[in-house]
Amino acid sequence: MTPTPRELFVGFLVLSLKSIGGALPWARRELVDRRRWMTNTEFVDLLSLGQIFPGGNILNVGVLFGGRVRGAPGAAGAALGFIAVPALVIGGIGALYWGFGSDLTPLRGATLGMAVVAAALLIATAVRLALPVVRRRPAHALPIALGALAAVGLVGLPMPLVLAVLAPISVSLALRDS
Amino acid sequence: MNDLARLAEMAGIFGPIGLITIGGVQTVLPELHRQLVVQRGWLTDADFTAAFAIAQAAPVPNILMVTLLGLRIAGAAGALVATVATVLPTCLLCYWGGRLWHSARDTSWRPRVEAGLAPVTIGLIGAAALVVSRASAATPASLALLAVAAAILIRTRLHPLWLFAAGALLGGAGVLG
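Quick mapping for you: the protein sequence lines, in order, are chains A and B.
Here my numbering is used: position 39 in the first sequence is 44, and no number is missing along the way.
Here my numbering is used: position 146 in the second sequence is 169, and no number is missing along the way.
Among the clues, some could well be false.
Dumping the calculated SDA-like pairs for lysine to any residue here, alpha-carbon to alpha-carbon at most 25 Å [as the list claims (entries may be wrong)]: (1) A:K23 x A:L93; (2) A:K23 x B:A81; (3) A:K23 x B:T179; (4) A:K23 x B:G46; (5) A:K23 x B:P163; (6) A:K23 x A:R11; (7) A:K23 x B:R29.
The hints are simulated quantities; they were obtained by calculation from the structure and are not laboratory data.
Using the sequences plus the hints, can you model the full thing?
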């Protein structure tokens, strides 16, 4: 069945507000299992396309899917549902935190503790993503990954510059490999 | 600087950054930090890491971290500008690009281009880890938490929310300070 722009708004709003620890697992459950708007194959198709474009992956899935079934109003419905209300929610939390929460020592400490865990999550994400890629083609992946890490994380070079240099090198290496 | 000029400058920062997110908002964390904290001094390290932590732990998409950054820099108007400037160009690009892409969907070079970008993405996430670690873990206790949490997340399938709760408890009790 084809959702209307209003249904797309509600569907992506619900999905967005469930996305603790990333929207991806929830997106599949909500769009494929619960609402039956698409099959699993269609979802994987949209996701791989959504990952090619910049921006949030699931946001892009919403824009692509909404646009495909209902044109511009469908894309706008999905995107607004995914972003607008959740932005108000997080804005409210932020206003409370910086309004008076950050003056309270325990709350400031708790936020610091969560930030440390968030940093650990980034480390784990990088390691887990790196292991299979590095194992498959160490001579290519390791220097590029370490180069990007050092240039941006240690030297503090602008990311667009690093992307402009490393992305073409890395892609041409991959094209030659296979 | 007057308010409108700052909002315009913010749009000029967040817009391009939105367009270079490859594989999620994590990859542009170092660039956001460089532009907003290091270069302009609009935010402190504490503001930046708090925004990241809150956006991670709250039930919203990670990309809405930019809403918090904008809010802290310039209030509600800043939150609006940062969010729209980051999200709208990527949505338009995806909408129009998605239609064009349909005709080129079965090209064999696509997976290889994605494979080629993967090491860059991984390096950038590593850089993000470095930037956020340096900005948040300054004491021996917080470095220990960082190491233990990273080891648990790499080796087990424990849901990160449990660790966020543990981090909040430890930090709230003043153990990390």
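If you draw a straight line from the CA of A:K23 to the CA of B:T179, is it 25 Å or shorter?
-> Satisfied, since the Cα-Cα distance of roughly 23 Å is no more than 25 Å.
Is the straight-line distance between the alpha-carbon of A:K23 and that of B:P163 25 Å or less?
-> Between A:K23 and B:P163 the Cα gap is close to 35 Å, so the pair fails against 25 Å, i.e. violated.
Taken at face value, is the distance from the CA of B:R29 to the CA of A:K23 at most 25 Å?
-> 33 Å, violated
Pair hint outcome, A:K23 versus A:R11 [Cα-Cα no greater than 25 Å] = Holds: A:K23 and A:R11 sit about 19 Å apart, inside 25 Å.
Quick one, are A:K23 and B:A81 close enough, alpha carbons at most 25 Å?
-> 9 Å, holds
Taking 25 Å as the top limit, are the C-alpha atoms of A:K23 and B:G46 close enough?
-> 20 Å, holds
Pairwise hint evaluation, A:L93 against A:K23, where the allowed Cα distance is 25 Å at most | 15 Å, holds
Consistency note: the structure conflicts with the earlier hints numbered 5, 7.
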